[in-house]
Amino acid sequence: MELEQAFLQLSTKFLFLHGGSQIADYRNEINTLLNELNGLNYRAARISDVRSPVRLMESFVNIPPHEDTLVVKACFLIKSLVGRQKIVLPEPTAHSLIVWLRKCLERRFYQVACEALGTMQLLFCRCNDISQLLEFFISNNGILVNVLADPDYRRVEPKTITSTLVDQCSSSELYLAVLLCLESILMCSEPFGAEVFETYLPVVGNAVLDLIFKARSESFTEFAYYSLATASVNCLRIVVSLDESGEWTNSQLGRLIGASKAFIMYGIPDVAKLLPQRVPVSQQGIPEPQHIPISKGGKTAKTRKTRTHPKNRRGGSRNSGTGGREKQPTDGEINRQPYSEASIVLEWSSKCHPPLAGCYHTSDSDFSETEATSPRAQVERHRSAKLRQGALMLIGTLAQHVEKRIMFGYWHALFPDETRTAATVSLLNCVLRDPSPKCRIAAIQATSFLLYKSKPFLIQAESSKKPLVSFTPFSVTLGNMVIEMYAMLTQALTLESDLTVLTQLLKGLTVFIQATPFHRLRTGIASRFVKIVRPLVRHRDPTIKVAALMVMGFLISVADMTEEIAGLVGIKKLSLVPTGNVARSKPVAKAFDLEVSQEEHEEEEALDSEPEDDLLRPSRATQVDNFNDKSNEGESSWLLHVALENLGVNGVACSVMPVRMECLQVLCAMASHFSLLADHLPMVAQALVNAFGDPLSEIKLYAGRLLDLLGHAIHTALLLQDKIDQEQLNVALEFWTTIMPTVTEQIQDVYLIATLRSVCCDALGNIGVHVYEKFPRDRQLALISLLTGCTFDDDSAVSSAAARTLSVYILFPSLRDDVCYVENTIESILRIMRDPNLTARIKTSWSLGNATDALILNQQHHFQHESTPLEEYSMISDELMRRILELALESASDNDKVRSNAVRTIGNVLHLLRPTQLQHPNWAALYRDAIDRLIQNVTVSSTVNVKVKWNACYALGNIMKNETFFLSGAGSGSWEGRVFPALCETVVRSPNFKVRINAAQALSIIGKRAHYGAFYQQTWIALLQALEQSDNLVDYNEYKRRDSLQEQLCLSLAHLLRLSTREDVVSMATVLLPLYDAVRANWVRVISRILPEKSAVLLESYRVLMELRKGKVEGESISASSWDLLLKCFKDADVC
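Take 1 as the starting number for the sequence shown in full-length UniProt numbering and just add one per residue.
Per label pair, the in silico range of CB-to-CB distance:
| no. | residue 1 | residue 2 | range |
| --- | --- | --- | --- |
| 1 | 405 | 895 | 27 to 35 Å |
| 2 | 1103 | 405 | 49 to 57 Å |
| 3 | 863 | 724 | 24 to 32 Å |
Straight-line alpha carbon distances no greater than 20 Å define the calculated EDC-like cross-link-like pairs of lysine to aspartate or glutamate that follow:
| no. | residue 1 | residue 2 |
| --- | --- | --- |
| 4 | 453 | 341 |
| 5 | 13 | 49 |
| 6 | 79 | 4 |
| 7 | 465 | 418 |
| 8 | 1008 | 1063 |
| 9 | 531 | 541 |
| 10 | 531 | 564 |
| 11 | 1112 | 1064 |
| 12 | 1110 | 1063 |
| 13 | 455 | 560 |
| 14 | 1131 | 1100 |
| 15 | 79 | 49 |
| 16 | 774 | 734 |
| 17 | 774 | 727 |
| 18 | 465 | 484 |
| 19 | 1128 | 1100 |
| 20 | 1008 | 1064 |
| 21 | 86 | 2 |
| 22 | 1040 | 1028 |
| 23 | 531 | 484 |
| 24 | 1131 | 1077 |
| 25 | 1112 | 1124 |
| 26 | 1008 | 1100 |
| 27 | 1131 | 1093 |
| 28 | 13 | 36 |
| 29 | 961 | 929 |
| 30 | 404 | 247 |
| 31 | 1008 | 1107 |
If you're looking for bench data, these hints aren't it; they were derived computationally from the structure. Glycine included, every Cβ here is placed at the ideal spot set by N, Cα and C.
Start from the sequences and build out the full structure, keeping to the hints where you can.
Shown next as structure tokens:
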């Protein structure tokens, strides 16, 4: 109260005296009052009534600008009231004070500059809009920019000893005041974006960079240099974060990295103090990023952008810093692969955030009392730590905002190779040697930002298999860097005692693991860090435990599992599984003994990213192990034991929610290596029952995701067996019998969140044909009834998931002939497809495609075993078939993800049409519209998604499988003139090779020469031109599909050769002649590498040509050269 009373008395006197018109009459009294006001101890107590301080500061604008002494003392008082007392000034007051200080600077710059700029530093933060002041302060001719370039630029006469005594601050103090003011302007405007600053950012950035490069520590006091460098790197960090276009940042990247590198180890003992120097880009060519196939398995990961600032979430300790994942998973989160690049969220730890500009701060030293020999030594170490932290954050910010390809060229300056020493200035040496935990965290996180999304570059790293003498390839240099980085991270894990830093180390390690090509590097890397991480999964601190589990989860999920990693996590035997077409066609073939099309159709979820290459993509489980390895029976992975223990199996579940969640994530990753879980399914089922009984919805959601993945793994493992092992089938049956009541309970509980119920419905779709058919009939009916009821759920996520599962069941033997079930399922799908929710429409559009696939399979199966004529057989009514086609046509104009499934459905329906339907007037217009829509989706290049195009190509091929379309009077002649030119143009000109492959397949589906008609020659020309142009790569990313394209083109050409007649020979040879060399070279290359089961088609085409030549007809004028050209071109080298 003494402070408040004294302040109130003095401020009242001041306002009384200052209210007069002639301030000169009371100058001495005002000066005395300012002295007394500044002499009060503002640290001792707080002023509760803020009205008096605000009125006092409002009156300062009446102090004449030429009264520099009064101005300086008023500024000091403002800093005490606003900075120490936290008095909140109204924005108009703050703005008027800034305008007054601007006038003071213009009148008596050198006398008031330091105090005025320091006061402005506080006032800028109280103004929402300072855009009108930017021209004066930070334009090309701005006062702050000019001072940084020349502190004496406002002097009208040379600087003398007398003028120096009059000045209130030295050059170093002036530099610091200007930098802090700049920092305040930038920081306070950062939340509003870069629009206002767009023209000023390069000016400010260049001015600060020029200063930091020309400043030398010997020209300043130690305190001044530290302060100047710290303010400089903070200003540069904000400029980089505001530079949205990145033009200035990219142009100055070498200088920015050089400036930050000079200070990241500044002040650490035995490390030389570097001068800022521009870092050149690597002299070795920066490699193009390599395409990394992503394991989608029908659900793709949503890509996240890195975030600079942490957001408030529950459980901040779990998510603060690098590598955390959000605790409340959304529907998209549940669809995401558990440990993938897309699951990583990078954000600065709260400990790394610099304090807001314009605030007084008490010392929050990172060092213990025993570390500091004296208070002064402690302050100095704290000061140098702030500088290093600012420099490290600048590097991290650059890594966030600069394109990865560009930033990769500067890794050589930031990461060490095998020649490093303890004094080498690098990010990971900061982690090892910096005494400040905050700096070590900043170094770890800067490293993580650099490593994030670096997999396309690191995939080239390798270890040399023999000693290198004169030349070291870039890939080996990169491999050595990676190995050295792992060695330093492992050393840091061993030495680190601070739990917060240890947590960040583990999370940073997860980022590195997912980007590392372990299969190309020498063994031993993973063994060394797993030896340290393994005990940490049982650490007493739950945050450490979670981070250690994340490391192991990412290690299990590496794309190319090595024997070393398999041994570390307990996988005893690795076996690759079929991918792409083989993996998808085998289940149907085994279940129905039907011949299935080799075209794949995968479900796309709402969060799908860019289309992937399905021919090269691994399946959901990139490696699936033997269902039951008898040699390992009874053994379990140590990691599995830990995960189950934390989930309450054979004990009490861990009380910390993030630990339970992470254990479920680890089990999700293990589902991709099924041998880890195959012998322990009863215990995993118990863990799932416990998780579904958890009171927290987040745990239940991850349990649902685990059940989905594990069900898929069990089903896949059974399908991949040539002969089903009854014992293994019984284990799977027992698993589902155990978990089914719990899952049913979750679905039926309408009070649970809809996302959980929808995930459970999706999981039931992975029961699989073998287990379902083993269920008792009453359980089958109960399951169908449950899912059918869910299709009427108020929440579209639940109804669409239930419809999707029912559409999967259509393929099961006990249901595929059930007309009532099939029609009810299709009716449900048609109803939900009109839902306004996009995710629901995507799921049900896939379901409708799946249902129509089943109709085709059932038709094929029927014709194999029944004698019903084609025109009389139909599983569903014409009216329902027409509704399916009408809705598919409507959906073909929807979102791309819906459209890709809709065109597939259109092709399936047209494949099912019978002659009587094609002749009916209602159908004639409909099927013509359908064909037009497919052609439109194939040929329109600018607006059609690639996935839509290749499905549309497949759909057109599906139409041509239906011989009904070639019958006279049933549509023949009305569509060929549009379909063949569209496919021929696509197979030659499409920039996407997957689309060309599907177009080539469609062109070779027709089984009779007569059905090609006049378009046989056009098709032959298009395929030859496509083969000749297949080596011309416009987009390097298509290189991975080039071999598949050439193989399909050769198969399509062989198909046409097998159907050719003697009348076609001359025209075929004429077209072939100018393209002979390219076609022959590709034919030989394909025939030498093609699988034996496919090569028969190519060899048979040659024999057909030989037989055709022998059947010579008199009077024919086919020259021998035409025969010779064809036979020579399409002859295998081994054929005699």
